[in-house]
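Novice: Top line first, the protein sequences correspond to chains A and B.
Counting from 1, one number per residue, gives the positions in the first sequence under the working numbering.
Counting from 1001, one number per residue, gives the positions in the second sequence under the working numbering.
Simulated from the structure, these hints should not be mistaken for lab results.
In this text the structure is predicted, and so the values were computed from the model without any measurement.
Please note that a few of the clues may not be correct.
[Unchecked claim] Examples of chain A residues lying across from chain B (beta carbon under 8 Å, computed):
| no. | residue |
| --- | --- |
| 1 | Arg38 |
| 2 | Asp39 |
| 3 | Ala42 |
| 4 | Thr218 |
| 5 | Thr220 |
| 6 | Ser435 |
| 7 | Leu438 |
| 8 | Ala441 |
| 9 | Arg443 |
| 10 | Ala445 |
| 11 | Ile456 |
Where is the CB? At the ideal position from N, CA and C, for every residue including glycine.
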Amino acid sequence: MPLAPIIYQSFLSDRLYERDKTFTLANYALVLQSGELRDTIATTVAFAVATTILSVALGTLFAVLLTRTDVPGRRFLHDIVILPFYVSPLVVAFAWAIVYGPAGFATIGVGTILGLPTWQLYTVGGMAVVAAVYFVPYSYLYATGSLALTDPQLEDASRIAGGGPFRTLWSITLPLLRPAIVSGTLLTLVSTIELLSIPLVLGQPVGVQVLATFLYGTATRSTPNDYGIVAATSVAMLLVITLLVWLQTRITGPERRYVTVGGKAIRGRVVALGTMGWPVSAALWLYVAVGVALPLLGIFAQASTTFLTPLVNPFEVLTLDNFKQIFEQPAYVNSIRNSLIIATVGGLLATFFIAFAVLVTNRSDFPLRGALAYIALYPRAIPGIIVGIGFLWTMLLIPGLGEIRNTLIALTVAFTVRFLPIGFGAVMPSVLRISGELDRASRVAGASWLTTMRAILVPLLRPALAAAFVLLFVSFLKEYASALFLVAGGSEVIGTTMIEFWRQGNSGPVAALAATQLVLTLVAIVVGQRLLGARLRG
Amino acid sequence: MAERTGDLVIEGLVKLFEGGVRAVDDVSITIRQGEFVTLLGPSGCGKTTTLNCVAGLERPDAGRIAVGGDVLTDVSRRVILPPERRDLGMVFQSYALWPHMTVHDNLAYGLRLRKVTRAEMESRIKATLDLVELGGLEKRYPYQLSGGQQQRVALARAVVAQPRVLLLDEPLSNLDAKVRERARFWLRDLQRRLGITAVYVTHDQAEALAISDRVAVMSAGRVLQYAPPNDIYERPSSRFVAEFIGRSSFLRGEVVRVGAGRAEVRLAGSGTVVTAAGTAAGTAPGDRVVLAVRSERIDMRGENAAENIVRARIKSYVYAGAEYEYILDTPEGELRASSQRAVPGPDVKLHLPPDGIVVLRDDAPVS
Chain A
1 MPLAPIIYQS FLSDRLYERD KTFTLANYAL VLQSGELRDT IATTVAFAVA
51 TTILSVALGT LFAVLLTRTD VPGRRFLHDI VILPFYVSPL VVAFAWAIVY
101 GPAGFATIGV GTILGLPTWQ LYTVGGMAVV AAVYFVPYSY LYATGSLALT
151 DPQLEDASRI AGGGPFRTLW SITLPLLRPA IVSGTLLTLV STIELLSIPL
201 VLGQPVGVQV LATFLYGTAT RSTPNDYGIV AATSVAMLLV ITLLVWLQTR
251 ITGPERRYVT VGGKAIRGRV VALGTMGWPV SAALWLYVAV GVALPLLGIF
301 AQASTTFLTP LVNPFEVLTL DNFKQIFEQP AYVNSIRNSL IIATVGGLLA
351 TFFIAFAVLV TNRSDFPLRG ALAYIALYPR AIPGIIVGIG FLWTMLLIPG
401 LGEIRNTLIA LTVAFTVRFL PIGFGAVMPS VLRISGELDR ASRVAGASWL
451 TTMRAILVPL LRPALAAAFV LLFVSFLKEY ASALFLVAGG SEVIGTTMIE
501 FWRQGNSGPV AALAATQLVL TLVAIVVGQR LLGARLRG
Chain B
1001 MAERTGDLVI EGLVKLFEGG VRAVDDVSIT IRQGEFVTLL GPSGCGKTTT
1051 LNCVAGLERP DAGRIAVGGD VLTDVSRRVI LPPERRDLGM VFQSYALWPH
1101 MTVHDNLAYG LRLRKVTRAE MESRIKATLD LVELGGLEKR YPYQLSGGQQ
1151 QRVALARAVV AQPRVLLLDE PLSNLDAKVR ERARFWLRDL QRRLGITAVY
1201 VTHDQAEALA ISDRVAVMSA GRVLQYAPPN DIYERPSSRF VAEFIGRSSF
1251 LRGEVVRVGA GRAEVRLAGS GTVVTAAGTA AGTAPGDRVV LAVRSERIDM
1301 RGENAAENIV RARIKSYVYA GAEYEYILDT PEGELRASSQ RAVPGPDVKL
1351 HLPPDGIVVL RDDAPVS
């Protein structure tokens, strides 16, 4: 595990690969006394809590509205609400900066042209709004999943007992969602704490610092002192996040077990909103347009113009220069190619590994299978940036591993570890749904465990494995946080190159890269659904 | 009984579940070659766990299982063969047909693993499908078959590799009542023709009595009685067996005299002395006993009988088609009786024929 060197380093007085180091608790003392860190933690908490409240409220509300009422256009709304799930948060951050930033298209449009008061995106509040939009799919998918499994007779009974449709939604449907809301809350909280991109893009320029950006900044400075502080802060962060994840598994445990028993999705009755339908629908469309569609369109607009502003007609400044700049520089083309290689080859390898791991944990009597499942699911608790630092230090520490440092192999391994839980999550429900009698029948028929898995389980799991591959492909394509410390000349990926451009203030090429990534992602999802028959779900 | 070649022998089988529950508690039975034996009991009695231990799907904590001379499981010698090396056939409750394979491929699976030649394989698959009257359906997928057809494919798959023993885990429980009754005859007939040793698990007592050479009645992990269906029904060895199989009433009493396989028992309620023919060895005067009487053995028009008469009052009755079923109040407590014709009431005299009474030790409170 890449965490060992971090824990090790947190007790060392010097860089972990130096000779004259001693064991010490000074790093923790430093962390505890640092006023800068105290402010950072306060900001992080404010950011995480605001984001979580906003995104869980919206996600749950949308889930109820889109699955239990007849809001016009709910199919389409559903697709757009979950769209951010497939987009890199880095792209989301850039997109909002382009459209709603201080010099953004919409900001200038509202402020300068219409003369109305505008907003401050580069604040904790602004960051929270952007992050909330990005995380809405989490609680939305949890809630819709739970709604699909709720026995509609519970709601029917309320109607028969005299409860009106809204009374029923409020008194029956929502309380039944409580477990889903709780797990959505905890997941969003954990994910916000580890989120690097949005604070990096929207907070860093104005000095708003959260733990993730603090770690990133300190780790890139890398004085001996900083190594210890990075490690100690990471350990503290891991403890908090582990606690939250543990809480989440405690709470979702029984519900998950119920899911496997139920299995089939039941369509609940739909409440007719009547005249309320149109205003509700309009509000949803407004959210989708302002929150998701406009920023993503902004990316494409920025990418294909020299200067994006409402003061100039965009069609007069159309250009392909931004794309040219990327596609004519071998280094940038290289980062796209690297991303694609890692996503394809790495994604395939990870899928094989996950298939094997899931089958061992679920379908064998391997004595350590419980521990294996835990190890596979734990990385969800590790912030991407800490995964990156951990892998870097592991390779510094273990002599032979230095060779693969800065290669795509290192990135593939780090990405696989990081997204193991997602792959597990995509395959696990399908495995649970396959009756154990099918394996038993094969064993009694004379097949060994391995043959049974190959001839019976894997063919039956093909759709789930395809879905896992598509999810991993998309995740690998958009990953940047764990890559930051693992890339060097030649092994850059799209995400790290975007951050590089952004640092230099080149928003045109950033947008072009982001647009490229978006298109690749969409193509992957569409192809995945058509060709592989993969059904994608959160 | 001496162990013969081909007999399935289970000795001292113990399986503990989490929390120390003895799911299977010292089960020892021998199933002769070609015999059809049913493990019968309520859910949770350990019958399926016993079957799974035979199949090698569960690891027992103690005991020995062997077919003929071949040891499949011997916990004391740390021998537990994996299921694939036991050469058994098994039919599962859900049939467990592999949904991504055709009927043909489902049958071919085990044969391929046994490295049977192609020609041999095809002829065996054809013969087996003909045997279960499904010839011509080779190319179908499981979802294209009816429940009854799926059940027969499952059976064909279990026997196609000519295993030593056929294990059946409630294979008929998913069928409609009518289909199920026909399937019983059919299954029994097939097993006889193949001459294969069969172990069958069910909680349906009618099914167990109809289909088996011998029945092992299980409760709480133990085998209470292991005997031919006729014996189980006529001469239950314990109150549990009498209660679980058929419909019986129980009367408390005290033995006053024993002789020539008959016992005279004074009933606790009225003090009437009745004679019982079915008497367990070791019954002695002074013993407190329970008399079990099948409801169809009670003669409700018993006023002309010379002995074994109990007065009763009809409490309620239902008409069940072939017969009337009565609930009767008597000094001995509530009794249940059935009659093919309606009986005028409310006061009746019941005749309990001596050979319809089984004397059991008083091991449970009257419910």
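Novice: Taking the hints in turn, state whether each one holds.
Specialist: Verification of the hints:
1. The interface hint given for A:Arg38 is broken, as the beta carbon of that residue sits about 48 Å from the closest beta carbon of chain B, more than 8 Å.
2. Because the smallest distance between the Cβ of A:Asp39 and any Cβ of chain B comes to about 51 Å, over 8 Å, the interface hint for this residue is violated.
3. For A:Ala42, the interface hint is violated, since its Cβ never comes within 8 Å of a Cβ in chain B; the closest pair sits about 47 Å apart.
4. Taking 8 Å as the C-beta contact cut-off toward chain B, the hint placing A:Thr218 at the interface is violated, the least distance being around 49 Å.
5. The beta carbon of A:Thr220 is not positioned within 8 Å of any beta carbon in chain B (closest approach about 51 Å), and the interface hint is therefore violated.
6. Because the closest C-beta pair between A:Ser435 and chain B is about 6 Å apart, less than 8 Å, the hint holds.
7. Satisfaction of the interface hint for A:Leu438 is found here, the shortest Cβ-Cβ separation to chain B being roughly 5 Å, below the 8 Å cut-off.
8. Nearest Cβ of chain B to the Cβ of A:Ala441: about 4 Å, under the 8 Å cut. The hint holds.
9. Nearest Cβ of chain B to the Cβ of A:Arg443: about 4 Å, under the 8 Å cut. The hint holds.
10. A least Cβ separation of about 4 Å between A:Ala445 and chain B falls short of the 8 Å threshold, and the interface hint therefore holds.
11. Because the smallest distance between the Cβ of A:Ile456 and any Cβ of chain B comes to about 6 Å, under 8 Å, the interface hint for this residue holds.
Violated hints for the displayed structure, listed by number in ascending order: 1, 2, 3, 4 and 5.
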